[in-house]
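**Q** Here's the letter readout for the chains.
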Amino acid sequence: MGRFWVILIFSIVYLIGLLGLTLVNWIPSLAPVNGAPGSGATIPLFWLAMYLMALGSGGIKPCVLPLAPTSLTSAARASGRGAPLFSTGSTW
Amino acid sequence: MGLFGRGNPKAADTASPDPLPPPPADDARLLAAEEAKPAAAAALAAPAAPAAPAAPAAAPTTTPAEEAHSAAVGLLGEDGDEWRARTGADLDAAPLRPHRRRLLLLACLCILGNELCERLAYYGVQTNMGELWWLSVVGWMLKKRGGGGVPCRRRCRLPLRRAFPVSRSLAQKKKRSLAPPSPARPTKQTNKTGLYLKKQLGYPADKASQLLQAWKGTVYLTPLVGAYLAGESGEEQRDAGASRTERFLPRRRRSLFVFLRERDRNPCPTAPVRPSEKTLPIRRRLSPSNQIEIKTNQKPKHQTPKRPNDATPPPTPPKNKKQKQTPSWAASGSS
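Protein sequence lines, in the order shown, are assigned to chains G and X. Counting with this note's numbering, you get residues 1110 to 1201 for the letters of the first sequence. Counting with this note's numbering, you get residues 5 to 339 for the letters of the second sequence.
Treat the hints with care, as some may be off.
[Unchecked claim] Stretch-level coverage of chain G by chain X, calculated; a stretch enters the list once three of its residues show a Cβ under 8 angstroms from a Cβ in chain X:
1) 1110 to 1121
2) 1138 to 1145
3) 1149 to 1161
Derived from the structure by calculation, the hints contain no laboratory data. Given the structure is predicted, the values throughout are model-derived calculations rather than measurements. Just so you know, even glycine gets a beta-carbon here, dropped at the ideal spot from N, CA and C.
Chain G with its partners taken away, still in its complex shape (with noise of 0.2 angstroms):
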């Protein structure tokens, strides 16, 4: 995959993840109430949605900062796909 595939698909992951900590602490048959977990489910997708955020950031975050200067060549956009990420070439 390059570069923009990898930021594309990770943020949707992440975004999965944003949105079920948001609905873990939402919904109220899930949500924990003074100090307990809602129900038995409230634990494991608290954490489940913490960890696909793990994963989310960890594809965007290697990804965007070598995607801006490869932005500002024309031969990088001809070519449809950035450089390799661990490019041989004279990158910042």
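Following the hints, complete the assembly by docking chain X onto the known chain G.
**A** Showing chain X alone in chain G's frame:
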């Protein structure tokens, strides 16, 4: 950016209304084709011309065919120019886009905004989920070293006293002077802070901090997955294109290597590289066999026409390396 910028700023400014220029690989290929065309035409016309009666028919065609062959080698193979131009890894060689300054500003804004949002999210999570998390870690360590809260010999319930034992007289003095120690452990202070994991989900303090640290460790490790997935596509291109000596050099020496090689091919780095100069290796121009032949003034077997570009056209293909290329010349010459 590199030391020796290829881009002409004036040309970049004037080229702004134009659409994006073609990538340099296509440019070089077009140049090679343009230069190979008249040469091939001359080669086709040469046997019919009366100017070269003594030369065999296959002889004049060797030079343009060889040139085209070496041009193809220079474009496709050994030094990976095409790869670098196609992937845009060589940013200095690639033509700059016209609105580069604005794009640079935009890229900087994106990077700064990304960092800002990341820091905001990080400290938001950190404060709400793990405020004073380090205190719970310290309490957990002290509890471990204190034997899990077992009261010590002197009925002191503080695990700190057991973890860092003082001398008996000093301890007795302190114990006499001080009030009897409260049974509360220092880790219980962290339970008062409003944390999500402890207050809402009901985790104990040490387990909450452990889980949070495990999650943070995952956050710091998952960029490896993303980097692997993003760099996966470059593997075959890199193996096909780039030369190995260049790949294993460090970056600065590598750029110096590239610069020296390009300077060998073309003395002026801003001028477009002509394919004949680019693809004619300097080793052949300076090879000792050629010099010896020039010195002794031997007559080559095949009479080659004089070319202004090439100072030393190969009179006879040498036995060691050029033997492989001879069938291709012969085939192109006969056709």
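**Q** Which of the listed hints are broken here?
**A** Structure breaks no hint.
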